[in-house]
Amino acid sequence: GVVDKLSWSASFRDGLVEDRCSVFLATGAGDKLQSSMVPDRAIDLNHSPFVPPDIYSVSFYQFRDLSSFWVELNAVISSHTDLIGAIAARPMLRGLLKPYDIDDPDTFVRAVGPRLQTVRFEEGAPPLLIGECFDRPALRKAISQRFGSNPKTEKQGDIELLLSQDGKWAASFVDNYFLIGPSEAVR
2 GVVDKLSWSA SFRDGLVEDR CSVFLATGAG DKLQSSMVPD RAIDLNHSPF
52 VPPDIYSVSF YQFRDLSSFW VELNAVISSH TDLIGAIAAR PMLRGLLKPY
102 DIDDPDTFVR AVGPRLQTVR FEEGAPPLLI GECFDRPALR KAISQRFGSN
152 PKTEKQGDIE LLLSQDGKWA ASFVDNYFLI GPSEAVR
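Taking the working numbering, the leading residue of the sequence shown gets 2, the next gets one more, and so forth.
Incorrect hints may have been included.
Stated by the list, open to error - Pairwise CB distance ranges, derived in the manner of DEER restraints:
| hint | residue 1 | residue 2 | range |
| --- | --- | --- | --- |
| 1 | Pro-183 | Leu-94 | 23 to 33 Å |
| 2 | Gln-157 | Pro-183 | 16 to 26 Å |
| 3 | Ser-12 | Pro-138 | 17 to 27 Å |
| 4 | Ser-8 | Gln-35 | 14 to 24 Å |
| 5 | Leu-94 | Lys-169 | 21 to 31 Å |
| 6 | Trp-9 | Ala-87 | 23 to 33 Å |
To be verified - Here are the simulated DMTMM-like cross-link-like pairs (lysine to aspartate or glutamate), alpha carbons at most 20 Å apart as the crow flies:
| hint | residue 1 | residue 2 |
| --- | --- | --- |
| 7 | Lys-142 | Asp-107 |
| 8 | Lys-156 | Glu-124 |
| 9 | Lys-169 | Asp-107 |
| 10 | Lys-142 | Glu-123 |
| 11 | Lys-156 | Asp-176 |
| 12 | Lys-99 | Asp-167 |
| 13 | Lys-33 | Asp-15 |
| 14 | Lys-169 | Glu-124 |
| 15 | Lys-156 | Asp-136 |
| 16 | Lys-33 | Asp-5 |
| 17 | Lys-33 | Glu-73 |
| 18 | Lys-142 | Asp-104 |
| 19 | Lys-169 | Asp-104 |
| 20 | Lys-169 | Glu-123 |
In short, the hints are calculated from the structure, not lab data.
All C-beta atoms in this analysis are idealised placements derived from N, C-alpha and C, irrespective of residue type, glycine included.
All chains should be modelled from the sequences, with the hints used to inform the complete structure.
Right, here's the structure in full:
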């Protein structure tokens, strides 16, 4: 397999719990992912636009090049499995973004920046996904199945809000950021 070891630790910091997860990959796998995965700079936890202080949880993901990482991750997983595993790997990886209604992860990773955040406002609530927006038309394409080709839209100044047909799911473009998740969380 591609994963050799997995570790997780939690510590208390400033009245909050900070979780750290480490994944140790099989020999050679990490070398193939390092150039696109390891960010140029550390995550700035103080720069969290759209994250209010009274949330249940927030997770930060920062890459050097998310699009390259996605391609390399697909290749590494496929190369460390048998034929059946290699065939199954791609749909399983595509499923990682399904909770956010991202139907086209290949387009999505090319359209967003290297930093992503997930936010839960309460335990068990669906997460809100926040990312830098590099290509707005491509992001619209990546979410088009959920929202359709002509979604309900609302505008407030430069802020664009897209609503699912049932109104329970929303996406928004705010400055150079993209948000997608439950409507009440996006608003």
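Okay, the hints, checked on the actual structure:
{"no.": "1", "hint": "Pro-183 / Leu-94: 23 to 33 Å", "verdict": "24 Å, holds"}
{"no.": "2", "hint": "Gln-157 / Pro-183: 16 to 26 Å", "verdict": "18 Å, holds"}
{"no.": "3", "hint": "Ser-12 / Pro-138: 17 to 27 Å", "verdict": "42 Å, violated"}
{"no.": "4", "hint": "Ser-8 / Gln-35: 14 to 24 Å", "verdict": "18 Å, holds"}
{"no.": "5", "hint": "Leu-94 / Lys-169: 21 to 31 Å", "verdict": "26 Å, holds"}
{"no.": "6", "hint": "Trp-9 / Ala-87: 23 to 33 Å", "verdict": "28 Å, holds"}
{"no.": "7", "hint": "Lys-142 / Asp-107", "verdict": "11 Å, holds"}
{"no.": "8", "hint": "Lys-156 / Glu-124", "verdict": "30 Å, violated"}
{"no.": "9", "hint": "Lys-169 / Asp-107", "verdict": "25 Å, violated"}
{"no.": "10", "hint": "Lys-142 / Glu-123", "verdict": "29 Å, violated"}
{"no.": "11", "hint": "Lys-156 / Asp-176", "verdict": "13 Å, holds"}
{"no.": "12", "hint": "Lys-99 / Asp-167", "verdict": "18 Å, holds"}
{"no.": "13", "hint": "Lys-33 / Asp-15", "verdict": "36 Å, violated"}
{"no.": "14", "hint": "Lys-169 / Glu-124", "verdict": "18 Å, holds"}
{"no.": "15", "hint": "Lys-156 / Asp-136", "verdict": "19 Å, holds"}
{"no.": "16", "hint": "Lys-33 / Asp-5", "verdict": "15 Å, holds"}
{"no.": "17", "hint": "Lys-33 / Glu-73", "verdict": "7 Å, holds"}
{"no.": "18", "hint": "Lys-142 / Asp-104", "verdict": "9 Å, holds"}
{"no.": "19", "hint": "Lys-169 / Asp-104", "verdict": "17 Å, holds"}
{"no.": "20", "hint": "Lys-169 / Glu-123", "verdict": "16 Å, holds"}
Violated hints for the displayed structure, listed by number in ascending order: 3, 8, 9, 10, 13.
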